[in-house]
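Chains as they are written, first to last, in the numbering used here: chain A, 1 to 90; chain B, 101 to 190.
Keep in mind that the hints are not guaranteed to be accurate.
Derived DEER-like restraints, expressed as beta-carbon distance ranges [said to hold, decoys possible]:
hint, chain 1, residue 1, chain 2, residue 2, range
1, A, H26, B, V173, 18 to 26 Å
2, B, K122, A, H32, 36 to 44 Å
3, A, H32, B, G137, 21 to 29 Å
4, B, D153, A, R62, 36 to 44 Å
5, A, D53, B, P172, 33 to 41 Å
6, A, N38, B, Q178, 48 to 56 Å
7, B, V152, A, S30, 35 to 43 Å
8, A, I16, B, H129, 16 to 24 Å
9, B, A159, A, N38, 28 to 36 Å
It should be emphasised that the hints constitute simulated quantities derived from the structure, not laboratory data. Just so it is clear, CB atoms sit at the ideal spot from N, CA and C, and this is done for glycine as well.
Each chain is listed here by its residues.
There are 2 protein chains.
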Amino acid sequence: MKTYTANITVTLRRAILDVQGKAVEHALHSLHMPSLGNVRIGKHIELTVTAVDHDSASAAVREACDKLLTNPVMEDYQFTLHELAAVGAE
Amino acid sequence: MKTYTANITVTLRRAILDVQGKAVEHALHSLHMPSLGNVRIGKHIELTVTAVDHDSASAAVREACDKLLTNPVMEDYQFTLHELAAVGAE
Numbered sequence: 001m002k003t004y005t006a007n008i009t010v011t012l013r014r015a016i017l018d019v020q021g022k023a024v025e026h027a028l029h030s031l032h033m034p035s036l037g038n039v040r041i042g043k044h045i046e047l048t049v050t051a052v053d054h055d056s057a058s059a060a061v062r063e064a065c066d067k068l069l070t071n072p073v074m075e076d077y078q079f080t081l082h083e084l085a086a087v088g089a090e
Numbered sequence: 101m102k103t104y105t106a107n108i109t110v111t112l113r114r115a116i117l118d119v120q121g122k123a124v125e126h127a128l129h130s131l132h133m134p135s136l137g138n139v140r141i142g143k144h145i146e147l148t149v150t151a152v153d154h155d156s157a158s159a160a161v162r163e164a165c166d167k168l169l170t171n172p173v174m175e176d177y178q179f180t181l182h183e184l185a186a187v188g189a190e
């Protein structure tokens, strides 16, 4: 078994108004940073996966995203998987 | 002036207990996904920056992170900057 680290980025779909992002944008402008705009706020999830290979680790992460971590109606996700150095004891 | 897109990832420092991550981890295990663990939840912020060059865009993002987007006591951040195709009208 190998251990992988997954970095998942969950973002609100483009078509959906990002209220939190708008609030942050207004705050940035109030703080005299008018050069920043189009703020969109999402989630970043980091987790470890124990699996026999990269493909099954990827399938496990996708299942977790579909079942729990994201709202498929409003959000999109993408992730990267990196194998951790051998951790035989885990 | 050029326009850049910044992708900022804000994570809770390692030393700080991630209660939300723990809750998600328990939920994953309840959903019969025991191979996933060490869940840590952070924020992903996407925004556009208008600046003369890469360096000043980077400085603007760093200022926004330090002043508003992150809590320097509890959180770390990292970001990437990509130049958007020329948008002379902006």
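Hint check results:
1. For A:H26 and B:V173, the Cβ-Cβ distance of about 24 Å falls inside the hinted range of 18 to 26 Å, so the restraint holds.
2. For the pair B:K122 and A:H32, the supplied restraint of 36 to 44 Å holds, since their beta-carbon distance comes to about 38 Å.
3. A beta carbon spacing of about 43 Å between A:H32 and B:G137 contradicts the range 21 to 29 Å that was offered as a hint.
4. Restraint check, B:D153 to A:R62: a C-beta distance of roughly 39 Å satisfies the suggested window 36 to 44 Å.
5. For A:D53 and B:P172, the hinted distance range of 33 to 41 Å is satisfied, since their beta carbons lie about 40 Å from each other.
6. A hinted range of 48 to 56 Å is violated for the C-beta pair A:N38 and B:Q178, which are about 20 Å apart.
7. For the pair B:V152 and A:S30, the beta carbons lie near 23 Å from each other, so the given range of 35 to 43 Å is not met.
8. Between A:I16 and B:H129 the beta carbon distance is about 30 Å. The supplied range of 16 to 24 Å is therefore violated.
9. A C-beta distance of roughly 19 Å is found between B:A159 and A:N38, which places it outside the suggested range of 28 to 36 Å.
In terms of the numbered hints stated before, the structure departs from hints 3, 6, 7, 8, 9, listed from lowest to highest.
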